[in-house]
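So the protein lines, in turn, are chains A and B. Using full-length UniProt numbering, read the first sequence as starting at 1 and increasing by one per residue. Using full-length UniProt numbering, read the second sequence as starting at 1 and increasing by one per residue.
Any given hint could turn out to be false.
Distance condition first, Cα-Cα at most 30 Å in a straight line; then the derived DSSO-like pairs of lysine-lysine [stated by the list, open to error]:
| no. | chain 1 | residue 1 | chain 2 | residue 2 |
| --- | --- | --- | --- | --- |
| 1 | A | K45 | B | K30 |
| 2 | A | K109 | A | K45 |
| 3 | B | K253 | B | K25 |
| 4 | B | K193 | B | K105 |
| 5 | A | K268 | A | K148 |
| 6 | B | K48 | B | K193 |
| 7 | A | K205 | A | K148 |
| 8 | A | K268 | B | K227 |
| 9 | B | K30 | A | K268 |
| 10 | A | K268 | B | K25 |
| 11 | A | K45 | B | K191 |
| 12 | B | K48 | A | K45 |
| 13 | A | K366 | A | K32 |
| 14 | A | K137 | A | K148 |
| 15 | B | K191 | A | K310 |
| 16 | B | K227 | B | K30 |
| 17 | B | K193 | A | K45 |
| 18 | B | K97 | B | K253 |
| 19 | A | K137 | A | K182 |
| 20 | B | K191 | A | K107 |
| 21 | B | K23 | A | K268 |
| 22 | B | K25 | B | K215 |
| 23 | A | K137 | A | K366 |
| 24 | A | K148 | A | K181 |
| 25 | A | K109 | B | K105 |
| 26 | A | K366 | A | K182 |
| 27 | B | K195 | B | K105 |
| 28 | B | K194 | A | K45 |
| 29 | A | K310 | B | K193 |
| 30 | A | K107 | A | K145 |
| 31 | A | K107 | B | K193 |
| 32 | A | K182 | A | K148 |
| 33 | A | K45 | B | K195 |
| 34 | A | K310 | B | K105 |
| 35 | A | K268 | B | K97 |
| 36 | A | K268 | A | K205 |
| 37 | B | K226 | B | K23 |
| 38 | A | K107 | B | K194 |
Read the hints as simulated data drawn from the structure, not as lab findings.
Given next are the chains, with one letter for each unit.
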Amino acid sequence: MVTTTSYSDFQQDIRNGVREVCARFDLEYWRKSHEENLYPTEFVKAMSDAGWLGALIPEEYGGSGLGFTEGAIILEEVNRSGGNANQVHAQMYTMGALLRHGSEEQKQKYLPEIASGNLRLQTFAVTEPDAGTDTTKLTTFAVKKGDKYIINGQKIFISRFNNTDLMLLLARTTPLDQVKKKTHGISLFLIDTREVGEGMIEATKIPTMLGGDTNQLFFSDLEVPESALIGEEGRGLYCVMDGMVAERLLVSGSALGNGKWFVDQAVKYGNERVVFDRPITQNQGVQFPIAQAYMELRAAEALMYEAAAKFDAQDPSAGADANMAKYLCSDAAYHAAEACMQTFGGYAAANEYHVNRKWMQARMMKIAPISSNLILSYVGQHVLKMPRSY
Amino acid sequence: MKILVLMKQTFDTEEEIFLVDGKLKESGVKYVINPYDEYAVEQAILLKEQQGAEVTVVSAGPARAEEALRTAVAVGADNAILIDDESLNGDEYTISKVLAAIAQKESYDLILAGHMSVDDGAAQIGPRVAELLGIPHISTITGLTIDGQTARAEKDVEGDLETIEVQLPALLTAQQGLNEPRYPTLPGIMKAKKKPIERVTAADLGIDVAAIGSKTETLTLNLPQKKSGGRILEGELHEQTAELVNLLRNEAKVV
Numbered sequence: 001m002v003t004t005t006s007y008s009d010f011q012q013d014i015r016n017g018v019r020e021v022c023a024r025f026d027l028e029y030w031r032k033s034h035e036e037n038l039y040p041t042e043f044v045k046a047m048s049d050a051g052w053l054g055a056l057i058p059e060e061y062g063g064s065g066l067g068f069t070e071g072a073i074i075l076e077e078v079n080r081s082g083g084n085a086n087q088v089h090a091q092m093y094t095m096g097a098l099l100r101h102g103s104e105e106q107k108q109k110y111l112p113e114i115a116s117g118n119l120r121l122q123t124f125a126v127t128e129p130d131a132g133t134d135t136t137k138l139t140t141f142a143v144k145k146g147d148k149y150i151i152n153g154q155k156i157f158i159s160r161f162n163n164t165d166l167m168l169l170l171a172r173t174t175p176l177d178q179v180k181k182k183t184h185g186i187s188l189f190l191i192d193t194r195e196v197g198e199g200m201i202e203a204t205k206i207p208t209m210l211g212g213d214t215n216q217l218f219f220s221d222l223e224v225p226e227s228a229l230i231g232e233e234g235r236g237l238y239c240v241m242d243g244m245v246a247e248r249l250l251v252s253g254s255a256l257g258n259g260k261w262f263v264d265q266a267v268k269y270g271n272e273r274v275v276f277d278r279p280i281t282q283n284q285g286v287q288f289p290i291a292q293a294y295m296e297l298r299a300a301e302a303l304m305y306e307a308a309a310k311f312d313a314q315d316p317s318a319g320a321d322a323n324m325a326k327y328l329c330s331d332a333a334y335h336a337a338e339a340c341m342q343t344f345g346g347y348a349a350a351n352e353y354h355v356n357r358k359w360m361q362a363r364m365m366k367i368a369p370i371s372s373n374l375i376l377s378y379v380g381q382h383v384l385k386m387p388r389s390y
Numbered sequence: 001m002k003i004l005v006l007m008k009q010t011f012d013t014e015e016e017i018f019l020v021d022g023k024l025k026e027s028g029v030k031y032v033i034n035p036y037d038e039y040a041v042e043q044a045i046l047l048k049e050q051q052g053a054e055v056t057v058v059s060a061g062p063a064r065a066e067e068a069l070r071t072a073v074a075v076g077a078d079n080a081i082l083i084d085d086e087s088l089n090g091d092e093y094t095i096s097k098v099l100a101a102i103a104q105k106e107s108y109d110l111i112l113a114g115h116m117s118v119d120d121g122a123a124q125i126g127p128r129v130a131e132l133l134g135i136p137h138i139s140t141i142t143g144l145t146i147d148g149q150t151a152r153a154e155k156d157v158e159g160d161l162e163t164i165e166v167q168l169p170a171l172l173t174a175q176q177g178l179n180e181p182r183y184p185t186l187p188g189i190m191k192a193k194k195k196p197i198e199r200v201t202a203a204d205l206g207i208d209v210a211a212i213g214s215k216t217e218t219l220t221l222n223l224p225q226k227k228s229g230g231r232i233l234e235g236e237l238h239e240q241t242a243e244l245v246n247l248l249r250n251e252a253k254v255v
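Turn these sequences into a full structure, and let the hints guide you.
This is the structure we're talking about:
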């Protein structure tokens, strides 16, 4: 296994602890989960039971109160073991909006249950067919009627809807043309999907190259109690901003884990694979891309830890750094994926070698949860003060 | 019920072994709880959960063994004792004297240990400590039930299952198959970080170091010879037999 930055004893304990759980779920488990579109329920339960998914929830609400450096490490280790951290990362951070903007009553009701894994908060419904990165364009609408909100509209690419109990949902409560600022008039709801009436949410699966549970959701007169509102009505977008930075950090860790897995695999396979009477890694054309990807991963990792430390310290520049870290980690991981695929040659195409599946996951991280181009434009405009490029 | 678990920190079984100047290279090596001791720790925690018990784990050093003790605390041990005294390093004779001294400080109903460590593989500590304490000992158990002061242990005997009953206090050593050791949870790891570990020295135990010196001495340490590929003899059976005798006599020089 490749060596990497040195960590505190506690961080090393975290790595060892997560590895212990992941060691129970081998590559074949993940291949089956992917090919048969099975949600890795046993893995998610094991991670919950061992307290890893409640790591970021404060101790007073039953979690362990760890920071995002540790959060990123947890997901890094999942992917480094060959697993798919995407299946658990939402359970770790989605609660952030509730933690920072929910009422004490909401926090007491949900956080301890989320920390223990009894309640799954795995779904965050934002994207719509005509509102992706430009979130203010979303048209799903919630109308207040008595002590209820009635929600109508649709969402797309909504992950894990069939494997969650709770769902965070963004909906407009004031139309875009009636607000002073386009980021106003959007509200955040925490919906208990187990209490939703028959036919109010229709979910259709969207098969993707990643396998898993991705859906299109249609809401028809979905009734939710007014107590489902998180924070102030009309200020929902502000409630999820922090969470988006948090997600960048966790995705950075996940990407890093993938990258290290690819490097480990490429080195091991390449050193053993003999062609023309010598290991193929003796060829510079094979060896150098692996070495280059490894260096890129190390550099990206350094920025990720800096960004995570800033986020934990509530430094306002954490947002830019987290985005840059996500860009660099996903890019470096993809280069490692490419090097690994090239090293495996034709065998990379065979599912039983696991490289193609991980390669697809690594590629996706350059697109989701935010496209690399959007990060470039953000850095250009907000960090370097150049004109807005879009 | 008070349970004492004797444990040792060993190389991770996936580590490659290197010798440098005739000594084991220890830097950069990952250490774990000796896998057989893990079964002993797990059994103690299971008993604690099933019928209530206070579980103490002890390791006869070196200082790095603290990590292994913390892992045991993280999965549920109540107390941890580290024998932190280089003058007490030694062979199985020495270490068993030290562990017996620890065991005598309290009255334990049950002492558990792995049946051997995966590094030295001597399998002596358990039986020696039991002898020193004058209590019964059952080795390589694969099943255990405790009913009051009676322990009923199962063990594999040449493919058969032997069931042995013994009155507590007793010392039992664990074999693979006894249970499935759990892994530490995050809250467990965090709790274990804060737990004080008791450190004891020869003086604390009232041990005369000179009187318990090792009875054995390591002269040299060698890695096993690399296996070379086997050879398949060809020809008629009587030709193969003649060739085999020839090779055993002239090449292997064993007959």
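**Asked** Are the Cα atoms of B:K30 and A:K268 separated by 30 Å or less?
**Response** The hint holds at about 19 Å.
Worksheet item: Are A:K107 and B:K194 close enough, with their CA atoms no more than 30 Å apart?
Response: It holds: about 27 Å lies between the C-alpha atoms, which stays within 30 Å.
*Are B:K226 and B:K23 close enough, with their CA atoms no more than 30 Å apart?*
Answer holds: B:K226 to B:K23 is near 18 Å, not above 30 Å.
Check your understanding: Holds or violated: B:K48 with A:K45, Cα cutoff 30 Å?
Key -> It holds: about 24 Å lies between the C-alpha atoms, which stays within 30 Å.
Keeping to a limit of 30 Å between CA atoms, is the pair of A:K137 and A:K148 held or broken? Since the Cα atoms of A:K137 and A:K148 sit roughly 24 Å apart, the hinted pair holds (cutoff 30 Å).
- Starting from B:K25, check that the Cα of B:K215 is at most 30 Å away, please. 24 Å, holds
Note to self: Can you confirm whether the C-alpha distance between B:K23 and A:K268 stays at or below 30 Å?
What the structure shows: Distance of about 28 Å is within 30 Å: holds.
Note to self: Hinted pair, alpha-carbon criterion (30 Å max): A:K310, B:K193. Please report holds or violated.
What the structure shows: 25 Å, holds
Between A:K268 and A:K205, is the straight-line Cα distance small enough, at 30 Å or below?
Between A:K268 and A:K205 the Cα gap is close to 38 Å, so the pair fails against 30 Å, i.e. violated.
Hinted pair B:K191 and A:K310, Cα distance within 30 Å: 26 Å, holds
Requested in this report: Assess, step by step, whether the Cα of A:K268 is no farther than 30 Å from the Cα of A:K148, and give holds or violated.
Outcome: This hinted pair is violated, its Cα atoms lying about 58 Å apart.
Check: Between A:K366 and A:K32, is the straight-line Cα distance small enough, at 30 Å or below?
Finding: 25 Å, holds
Hints 3, 5, 18, 25, 34, 35 and 36, counting from the list given before, are not met by this structure.
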